[in-house]
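Here's the letter readout for the chains.
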Amino acid sequence: MFSRAAVITGCGAVSPLGVGVRALWEGLLAGRTAIAPITGFPADDLAPRTAAEVRHVARTDPDRAGAFALAAATEALADAALDPRALDAGRVGVALGTTLGGMQLFERWMAGGEVLPAGIGAIPYYGPAVRLARALGCLGPVATAQLACASGTHAIALAADWVRAGRADVVLAGGTDLLCRFVVSGFNCLRATAEVARPFDAARRGLVLGEGAAIVLVEEAGHAARRGARLCARVLGVGAAGDATHMTAPDREGGGAARALRAALAEAARPPDAVGFVSAHGTGTPYNDAMEAVALTRVFGRRAVPVDSIKGAIGHTLGAAGAFEAILCARVLAEGRIPPTAGLETPDPACDGLDLVVGTARAQAVEVAVSSSSGFAGTNAALVLGRA
Amino acid sequence: MRGAVAITGAGAVTSRDVALAVLPEAVRARATRAERVTQLVLLAAGRALAAAGLEATDDAPRARLGVVLGTAFGCFLTNAAYQRRLLEGGPAAASPRLFAATVSNAAGGELAIAYRLGGPSVTLTAGGASGIVALGHAADLVRSGRADALVAGGADALDDDLRRWLAAGGLDPGRAPAEGAAVLVLERAELARARGRAVLGTVEGVAAGFEPDAAGARAGEGLAAAVATALGEAGVAPSEIRVLVSAAPPALADLESRALGGVEPRTVVHPKDALGETFGAAGALGVLAALAEAPPGAALLVLDVCASGHVAALVARAGDAA
Numbered sequence: 001m002f003s004r005a006a007v008i009t010g011c012g013a014v015s016p017l018g019v020g021v022r023a024l025w026e027g028l029l030a031g032r033t034a035i036a037p038i039t040g041f042p043a044d045d046l047a048p049r050t051a052a053e054v055r056h057v058a059r060t061d062p063d064r065a066g067a068f069a070l071a072a073a074t075e076a077l078a079d080a081a082l083d084p085r086a087l088d089a090g091r092v093g094v095a096l097g098t099t100l101g102g103m104q105l106f107e108r109w110m111a112g113g114e115v116l117p118a119g120i121g122a123i124p125y126y127g128p129a130v131r132l133a134r135a136l137g138c139l140g141p142v143a144t145a146q147l148a149c150a151s152g153t154h155a156i157a158l159a160a161d162w163v164r165a166g167r168a169d170v171v172l173a174g175g176t177d178l179l180c181r182f183v184v185s186g187f188n189c190l191r192a193t194a195e196v197a198r199p200f201d202a203a204r205r206g207l208v209l210g211e212g213a214a215i216v217l218v219e220e221a222g223h224a225a226r227r228g229a230r231l232c233a234r235v236l237g238v239g240a241a242g243d244a245t246h247m248t249a250p251d252r253e254g255g256g257a258a259r260a261l262r263a264a265l266a267e268a269a270r271p272p273d274a275v276g277f278v279s280a281h282g283t284g285t286p287y288n289d290a291m292e293a294v295a296l297t298r299v300f301g302r303r304a305v306p307v308d309s310i311k312g313a314i315g316h317t318l319g320a321a322g323a324f325e326a327i328l329c330a331r332v333l334a335e336g337r338i339p340p341t342a343g344l345e346t347p348d349p350a351c352d353g354l355d356l357v358v359g360t361a362r363a364q365a366v367e368v369a370v371s372s373s374s375g376f377a378g379t380n381a382a383l384v385l386g387r388a
Numbered sequence: 389m390r391g392a393v394a395i396t397g398a399g400a401v402t403s404r405d406v407a408l409a410v411l412p413e414a415v416r417a418r419a420t421r422a423e424r425v426t427q428l429v430l431l432a433a434g435r436a437l438a439a440a441g442l443e444a445t446d447d448a449p450r451a452r453l454g455v456v457l458g459t460a461f462g463c464f465l466t467n468a469a470y471q472r473r474l475l476e477g478g479p480a481a482a483s484p485r486l487f488a489a490t491v492s493n494a495a496g497g498e499l500a501i502a503y504r505l506g507g508p509s510v511t512l513t514a515g516g517a518s519g520i521v522a523l524g525h526a527a528d529l530v531r532s533g534r535a536d537a538l539v540a541g542g543a544d545a546l547d548d549d550l551r552r553w554l555a556a557g558g559l560d561p562g563r564a565p566a567e568g569a570a571v572l573v574l575e576r577a578e579l580a581r582a583r584g585r586a587v588l589g590t591v592e593g594v595a596a597g598f599e600p601d602a603a604g605a606r607a608g609e610g611l612a613a614a615v616a617t618a619l620g621e622a623g624v625a626p627s628e629i630r631v632l633v634s635a636a637p638p639a640l641a642d643l644e645s646r647a648l649g650g651v652e653p654r655t656v657v658h659p660k661d662a663l664g665e666t667f668g669a670a671g672a673l674g675v676l677a678a679l680a681e682a683p684p685g686a687a688l689l690v691l692d693v694c695a696s697g698h699v700a701a702l703v704a705r706a707g708d709a710a
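Sequence order for the protein chains is A and B. Residue numbers are given in this note's numbering: position 306 of the first sequence equals residue 306, and the series is strictly consecutive. Residue numbers are given in this note's numbering: position 27 of the second sequence equals residue 415, and the series is strictly consecutive.
Keep in mind the hints are simulated off the structure, nothing from the lab. The structure presented is a predicted model; accordingly, all values stated were derived computationally and were not measured. Every residue gets a Cβ at the ideal spot worked out from N, C-alpha and C, and that includes glycine. There could be a bad hint or two in this list.
Derived list of chain B stretches under chain A, where covered just means 3 residues or more per stretch with a C-beta under 8 Å from a C-beta of chain A [unchecked claim]:
id	region
1	506 to 517
2	524 to 534
What follows is a list of derived Cβ distance ranges for each label pair [claimed, not checked]:
id	chain 1	residue 1	chain 2	residue 2	range
3	A	D83	B	P626	26 to 36 Å
4	A	E26	B	A409	55 to 65 Å
5	A	R226	B	A662	43 to 53 Å
6	A	D273	B	P684	48 to 58 Å
7	B	G604	A	A86	17 to 27 Å
Covered by chain A, according to a simulated footprint, are these stretches of chain B (three or more residues, beta-carbon under 8 Å) [claimed, not checked]:
id	region
8	428 to 439
9	450 to 457
10	461 to 474
11	490 to 499
12	599 to 609
Please model the entire structure based on the sequences and the hints provided.
Structure, rendered in structure tokens:
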């Protein structure tokens, strides 16, 4: 389909487990959770009022999602040993996913505050991508994926398409989102939230929100080879599909999620039994996890592949979630260790078809890893990564 | 990545004078409850799907058909409505109905449900260049075999909140803002031929770029790179372009002309002079404006240029050139 290939040559993360990929990875391996009572903004009237906040980044930047993205992008570039200013700027792009973008500024403006302290572009969803593109002096493609909670996954897919189609050599790709009253009150009023996140657990009651940014450097394979870059992972296939059933409830048959997974595997030219790890969407809501167990069992078979969810550890980071999962998959491929799902103690019998990683990390060599994401409006996206 | 992408249907709505009554009954009920931008999308997409002969509302989800929309502001109107209630009444007054629609892909999701589109369901934003960026992503999905046909284009709606934010300096589009939706049906050319559908045109190359500083020494280079990439993908020389759709507001006219070295069109169309800045709808409207001016086989170059820095270029041919 494409004559070129896409690889990941750098990773960066600002997560509730700390600043940097290392803090994220070590926290996940240890099964730690960053979920705690909200302290970053008034939350006394919110119920539940827990979340996974980024506590290591000062709240002085009025564009918090953009600040997360910039810090993660800086780490990804350093990890890739790449100075974008040494490249042809027309061949450098940015593909971000977000659900909230400049929501912090929007809240302030709605309450009668000034429009924008930083000029154009912070309130609309394209704000963080514009901020990154300006910081890089980028002249290549810049776009923001708006697939609700599958945005981060699809942003990486978009970046992979650009480099495989020959429109860019390197693309900073991933997702960023922030916690604020708008989003916490919203998920609370949908009755989708709980005090703690227990993905796939029999006692799960709902999701807990998180925030942060995860950015990977997606690079054209030939470009990476010519500069002798170290590879984090290969992008083997991407897929997207709509449920076309309901705006907020997942398809109980897992139709769209299964179609997205199969499309990504088809593009990767890998059979389901080649996959050694699945990073599930695993929000911890009763419906999502049951639907996802159906979809994953339909695609991979019963208990055929180790599955975990990061949402017990860093909460549901919305538009950043899929990008965090891409970094998790890259680490699993590189290190042969699969972190446990924080918050999961007693797997739900309804999720019996899944080989869930419970309690402690599992040592296992993995050649192909998959991330699956789903979002409001019935959107689903999947990413298949291969070992470098 | 080869394979032609045919345009087999189109639909556009540039005001809400068009009544929802024209929609099929099954879609009308959804449209009536939906927010404004979704209504615009359902109206435009209904026409495009009917024109392409793909207007089904009661099938199982069709896995090879999907939707790719571009929007500058997405659910801004719903966000404002939700936030106002939250500010006035606290979390107890938060509306689950409104919150569920505070995602910019709500319009695409409603469209997928209404017309049974079970393939890729994607919404992108790239400011005022969102429409062409969406058309380009859709062309990639069709060309690479990941979908047979996609409703592709974009939409934006306006209300007092968004007008107030634009006027207060949120984004200066350089023209009167306007609301609208415009979509094309992009389809694998061999499939269109097998179905015996008329081909309005073919999408040959699409690329996006960025202008980090419209007043800087490198202004125009991002658009020039996008134009060069789109022409290269299309295998079209700059001198072959017969019709150009200009998109830059007056303040960015120099930037646009600097990016067009070697392009000497016989016809230059300025649809935004008549329509205003329609943001997400502008890309597909530009393609339709160019097709209206172009003889069969003629090469077209359609631009999107936004003060946000996002720019994009699309190269197409009129008629069935495949």
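Hints and how they fare:
1. 506 to 517: With 10 residues in contact (Cβ-Cβ under 8 Å with chain A), the coverage given for the region 506 to 517 of chain B holds.
2. 524 to 534: This one holds; 5 residues, not fewer than the three required, reach chain A with a Cβ under 8 Å.
3. A:D83 / B:P626: 26 to 36 Å: At roughly 32 Å between Cβ atoms, B:P626 and A:D83 fall inside 26 to 36 Å, so the hint holds.
4. A:E26 / B:A409: 55 to 65 Å: With a Cβ separation near 60 Å, A:E26 and B:A409 satisfy 55 to 65 Å, so the hint holds.
5. A:R226 / B:A662: 43 to 53 Å: 49 Å, holds
6. A:D273 / B:P684: 48 to 58 Å: Given a distance of about 50 Å, which is inside 48 to 58 Å, the answer is holds.
7. B:G604 / A:A86: 17 to 27 Å: 19 Å, holds
8. 428 to 439: violated (count 0)
9. 450 to 457: holds (count 3)
10. 461 to 474: Three-residue rule met by the region 461 to 474 of chain B, so holds; n is 9.
11. 490 to 499: It holds, with 8 qualifying residues against the three required.
12. 599 to 609: holds (count 5)
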